[in-house]
Amino acid sequence: MKCIITVILFGYCHSYDLYQFESCESQVYCQGKLLDFIQRFRSYNDSKTFVDMIQITSEAKIIENFDQLLQATSGSPSPYDLGNFMSKYFVSEGDLDNWLPPDFNANADFIRSINDVSIRDFAQAMINIWPTLGRKVRNIVIQYPNRHSSIYVPNGFIVPGGRFRETYYWDSYWIIKGLLISGMTETARGMIENFLYLIANYGYVPNGSRVYYLGRSQPPLLALMMGLYMDFTNDIHWLQRYTDVLETELLWWMNNRSILVVKNGRKYVLSHYSVESGTPRPESYYEDYNTCSLYMSGDDQENCYSNLKSAAESGWDFSTRWIFNQNGDFNISNVQPKRIVPVDLNSYLCRAFKELARFYKLLNKPERSKIWLDVSYMWQDAIEQVLYNDEDGIWYDYDIFMGASRPAFYPSNFAPLWTESFRPIMRDSYGLRAARYLLSQGITQFPGGIPTSLIRSGQQWDFPNCFPPLQETVILGLQKTRNVEASEVATLLARRVIDSWMKGYSINQVMYEKYNAERPGEFGEGGEYQVQSGFGWTNGVALSLINEFFTTDKFEDK
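Mature numbering (1 follows the signal peptide of the UniProt record, and there is no 0) puts the sequence shown at residues -15 to -1, 1 to 543.
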């Protein structure tokens, strides 16, 4: 599939060799004996701790000295030996500075439009969190790039929080939306420009701004971020500088993540998450090594690692959405996201193509605008024909191995409503049917929000966890259809989600990465790490829902 689409559309192949970008060369952070020893011997409780550390001398010197340690210990260094080595050659801090966004304003205009006093106070608290999450890469990372896993980006940014100390791709959409609502357009612009800087250097946006994230991306929301920024600023001069860079990213997705789907005798082009890298994720090395050790052959282990990285690229790491096991257990050694055509990924891309067409139209480039509008229509038709289930009135992921839909509830099923990836004539019908599908699944019975699935698997992207971006996907997706019944359900869910988060915040003044559908205000459970607080996308979604449902003329004070 590589380049077929771009040859047809543009007459040339704008190809990227996956391996040119997908393997980090560092013998400390991405591969090699040192990484293997430190991570497999569980020197740190969190695998991410080691790969975030800073080398105090050159990589060559560190590797040389580690080889000497192995020789001196007959290849079996003790935990004490490893601890001494780490304290001698690594430090844990020094690549990032705390950063106060220059456009932070605690008295944002948006606050005055909120009717409900308690919600107004909550929104104010969300805005006040932004400065605590501000970071900027130190210049020492430019001077000694090989001694850091941090990738330099020129502008300050808002991090998610907790163990997530760097900028992340898809998290940043909701962070940027929250910043724009908060009146912080300069900070939002800087974060977008950081991603454009990464594209200029790598050809795509990595999962996050660490070298160990190279080779995999995350849900492609940059075009949507730029669309938000343009909606707030109409900065045509800025758009002119960066539209071609955005096009580079979308070509990368088309060339490297597209797949041919045949259904009812017709051929369609859609996309899937697919990372062709057969080694453990450095930041989850210990976990991946143990997960894939269940396989005996090297090829099967490499395929296992590739699937784990592909699931990480989806942002949903991990979920029954990707698990295939006839025995019915939920071990992530059975994740196979590469065989899935995801509803949400293709909805994001369809919207991205429409945004790029809009940008070229604004720049008076009608020919390029038409090319990308045609691509969006091609994707939109494929989404309808391949992913929409007319019997259930909702979209489902598609299993290319079985040639069949995966008919299970996930909030991602509603992504085409959120991205408006459908024919306008279907707006009301799709809204009504989606609302009734949601009701048929019993989703409104949960007092804490919309669960990520209805399967209690122990994985974090499953029941009972509620992830903020998925709350917005469903709620605003229904609201955008303008169907009366769908809007009523959206309003009910928005009130429930905000009430839950306000309840949790009132107890300990903390916002979490994920919440519990069964217990309002309580944080979620499961996954590879402890629940994280902060939290960037939660704050952004809270402000987004408040802006949509609880400001003047949108929701009456009760």
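Hints listed in this document are in silico derivations from the structure and should not be mistaken for laboratory results.
Predicted model only: the values in this text are computed from it and were never measured.
Hints should not be assumed to be uniformly reliable.
Simulated restraints, written as ranges between beta carbons of each label pair [to be verified]:
1. Asp366 / Glu473: 43 to 53 Å
2. Ala389 / Ser72: 47 to 57 Å
3. Asn124 / Trp223: 17 to 27 Å
List of simulated lysine to aspartate or glutamate pairs, DMTMM-like, C-alpha gap at most 25 Å [as the list claims (entries may be wrong)]:
4. Lys355 / Glu507
5. Lys346 / Glu473
6. Lys346 / Asp366
Yeah, the Cβ is synthetic: ideal placement off N, Cα and C, and Gly gets one too.
Verification of the hints:
1. A hinted range of 43 to 53 Å for the beta carbons of Asp366 and Glu473 is inconsistent with their spacing of about 30 Å.
2. Checked against the given bound of 47 to 57 Å, the beta carbons of Ala389 and Ser72, roughly 54 Å apart, stay inside it.
3. Between Asn124 and Trp223 the beta carbon distance is about 25 Å. The supplied range of 17 to 27 Å therefore holds.
4. Between the alpha carbons of Lys355 and Glu507 the distance comes to roughly 48 Å, so the proposed pair goes past 25 Å and is violated.
5. This hinted pair does not check out: Lys346 and Glu473 have alpha carbons roughly 35 Å apart, beyond 25 Å.
6. Straight-line distance between C-alpha atoms of Lys346 and Asp366 comes to about 22 Å, which keeps the hinted pair within the 25 Å bound.
The structure fails to meet hints 1, 4 and 5 from the earlier list, while all remaining hints are met.
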